[in-house]
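> Chains as they are written, first to last, in the UniProt record's numbering: chain A, 1 to 287; chain B, 1 to 421.
Any given hint could be a false lead.
Unchecked claim - Chain B is nowhere near these chain A residues, computed Cβ spacing over 12 Å in every case:
#	residue
1	Asp127
2	His191
3	Gly231
Claimed, not checked - Covered, in the sense of this in silico footprint (three residues per stretch, anywhere, with C-beta under 8 Å from a C-beta of chain A), are these stretches of chain B:
#	stretch
4	287–298
5	305–318
Since the hints were derived computationally from the structure, they do not count as laboratory data.
Fair warning: this is a prediction, and the values are worked out from it, not measured in the lab.
Beta carbons: idealized from backbone N, C-alpha and C, even for Gly.
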Amino acid sequence: MSDIEAAIREHHPALITYLTAGDPSLEDTKAYVEALDRGGADLIELGLPFSEPIAEGPTIQAAINRALDAGTTPAGFFELVDDLETEAPLLVMTYYNMILQYGDEPDVRPFVERAAEAGLSGIIVPDLPAEESDPLRAACDDHGLDLVFIVAPTTEGERLERIMSQASGFVYVQARLGTTGARADVSNATHDSLTRLEEYDVSEPCSDGVPKAVGFGVSEGDHAAEIIEAGADGVIVGSALIDIVAESDDPVADLEAKAEELKRGAIRGADGGTDADPIDAPEPEQP
Amino acid sequence: MSTSDHDHRRDRDSEATFGEYGGQYVPEALMPAVQELEDAYERYVLENEDGFMDEFRERMRDFGGRPTPLQRAERLSERYDREIYLKREDLVHGGAHKLNNALGQVLLAKYMGKERIIAETGAGQHGTATAMAAAHLDMPCEIYMGRTDINRQRPNVYRMRMNGTEVNPVTAGSGTLKEAINETMRDWATTVETTHYVIGSVVGPHPFPKLVRDFQAVIGQEAREQIRERAGRLPDSVVACAGGGSNTMGTFHAFVPDDEVDLYAVEAGGSSLEIDEENALAPNSATLSTGTDGVLHGAMTKLLQSEDGQIMESHSVSAGLDYAGVGPELSHLVDIGRVTPASVDDEAALNGFHRLSNLEGIIPALESSHALGYLEEQHEELGDLVVVNVSGRGDKDLETVLEETENRDLEAAPDVEVFGQ
Ligand SMILES: Cc1ncc(COP(=O)(O)O)c(C=O)c1O
């Protein structure tokens with residue numbers, strides 16, 4: 001079992017958080033990540049900024065612009081990861097071109113090697129569908145990294161089965177169509193996605209084996225509760241945390257508190273959930 | 001038409017790549033739509049299911065004004081002492097080749113049962129063509145356009161709105177084509193179930209590069225027949241400007257199998273081919289000449305990018321060429337040596353604009369003016385019989401040209417000061 005899957009099982013229901021590295025500086029990111037770790041994040045995604053983030057909404061797009069304006073580079077990003085000591089495993093989220101360009105020629109391997117060396121446990125690439133993922137998948141397998149796939153509301157039938165059968169670490173269930181961004185509620189699309197995942201008879205062994213985490217729009221503890229209660233193994237929160245980075249007078253304290261709120265919500269969802277199908281895991285500790 | 005039959009057969013292999021270029025690098029939410037489009041491309045475009053291609057050709061004739069003439073340019077022929085022919089895509093309805101693709105895709109969206117059209121535009125020509133096609137076929141339409149481009153191409157913004165299309169300004173980055181594409185992709189990711197994204201050039205995820213090329217291939221098919229009729233043989237060279245490369249691929253496609261015909265893709269050299277490393281800025285849009293391999297907007301292709309993989313802001317006096325990427329098929333044809341990449345700078349393009357206006361009575365788009373600038377600089381290399389594609393007309397560019405001309409001492413320019421009063 002990979003680090004990522006183990007973390008989700010052990011801390012089920014899991015809180016997965018996203019921050020853009022370098023927003024507003026790499027030193028700040030270090031402090032923020034540590035705050036999320038203390039607050040109860042079970043997995044932490046770090047965004048390596050790319051200039052054309054087509055899957056992101058305005059919040060993360062702005063964070064990426066701030067990080068790029070601050071001069072964030074892949075080299076600096078990996079040094080940050082070298083320095084971080086968190087309980088939660090770390091994943092890098094970035095666009096495919098950033099992975100290809102690391103090293104002397106377009107090739108995915110140098111990036112994956114460096115990611116493994118820095119201690120990252122997995123990679124998420126929003127513009128890399130399963131159809132194009134063989135080279136990165138092979139490199140990740142060689143270095144023991146998970147390649148996390150996204151399942152969208154439009155992913156159905158054969159494609160869904162294929163993705164589920166290739167998934168490792170966890171499956172990122174995109175709750176609604178569109179781009180990332182905090183929303184005020186858990187939309188019907190989120191519920192539909194969750195129901196659909198239950199309904200789909202995805203092939204063995206991954207349907208049972210790989211945890212499902214839901215993201216896109218989650219911003220509050222109550223959303224986390226609702227999502228976990230509906231059957232997810234984890235919730236993913238990004239834009240709501242970036243709003244804190246951008247607006248708070250004391251981001252470190254507020255990020256820690258937000259992580260606590262989200263984690264408490266997730267646990268409440270697991271306790272109250274009658275339909276929930278939690279994977280076999282020890283009872284989570286109260287944060 | 002034996003050429004197009006031959007081309008159809010060859011294209012039936014529905015591979016997503018051209019050599020190592022192309023592919024489908026898009027968010028998962030878009031993959032089903034891209035695959036649905038692949039299916040529609042194969043059935044309607046390649047197999048002519050339900051008479052799709054017949055309807056497309058008929059509408060291009062009656063609404064679009066095809067075929068366009070291949071005109072012998074008398075004074076250019078004299079000036080360069082060789083036979084110069086102009087393929088007059090400026091005479092297509094709307095004033096540019098862009099309608100060939102826009103009408104094809106909007107019609108395809110209709111056949112696919114889509115309810116809404118979105119598109120990006122740089123120069124505004126593609127947006128205008130899409131707006132016209134959408135009005136013609138009664139489809140609601142929204143266009144994303146960078147702020148900078150809105151300011152430099154106002155006539156096209158007015159035209160889009162006249163046709164009942166919504167124009168959404170995009171303020172991110174330098175407010176040009178790259179940002180407009182990002183924003184259109186975001187809209188598409190939200191509305192993909194009912195909306196078709198009419199991409200404006202031979203770029204984007206498969207099948208767009210092939211689909212757009214096939215709608216544009218009519219340029220080269222006509223030109224090839226016309227030049228054989230007029231000159232009794234194939235040309236020594238064919239010259240077209242390349243932004244994303246749709247008029248280039250459309251003009252070249254029928255000639256690719258003709259090894260004796262040299263193909264020149266002329267990009268925007270801007271103010272310089274040197275990269276401004278400090279500001280991560282390419283003062284040009286010469287992707288084929290100076291770019292490196294990477295992934296942008298759904299495809300592996302040549303790009304203007306930093307060593308780390310960040311996409312650079314590009315530059316050209318001409319909004320329609322101002323893009324850091326280029327079509328994957330062109331990248332491939334350059335790599336295998338079939339297409340020669342070339343570029344001329346802003347000034348040569350402006351001179352090309354004035355020269356064609358003065359000598360031939362044709363006001364070309366600033367994009368097309370790059371091909372004419374190349375003709376001036378390199379005519380000795382181009383052989384005795386040359387076809388230049390005039391991809392569009394320049395009415396939309398008059399404000400820019402007057403302003404840029406006043407700032408420079410251009411040899412081919414008339415005295416533009418009188419306009420300033
Ligand atoms: C007249 C004209 N020519 C050329 C172009 C460049 O596009 P492409 O390279 O796809 O033909 C444009 C783009 O707007 C245009 O308006």
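> Determine for every hint whether it applies to the structure shown.
Verification of the supplied hints:
no.	hint	verdict
1	Asp127	violated, 5 Å
2	His191	holds, 17 Å
3	Gly231	holds, 20 Å
4	287–298	holds (count 7)
5	305–318	holds (count 6)
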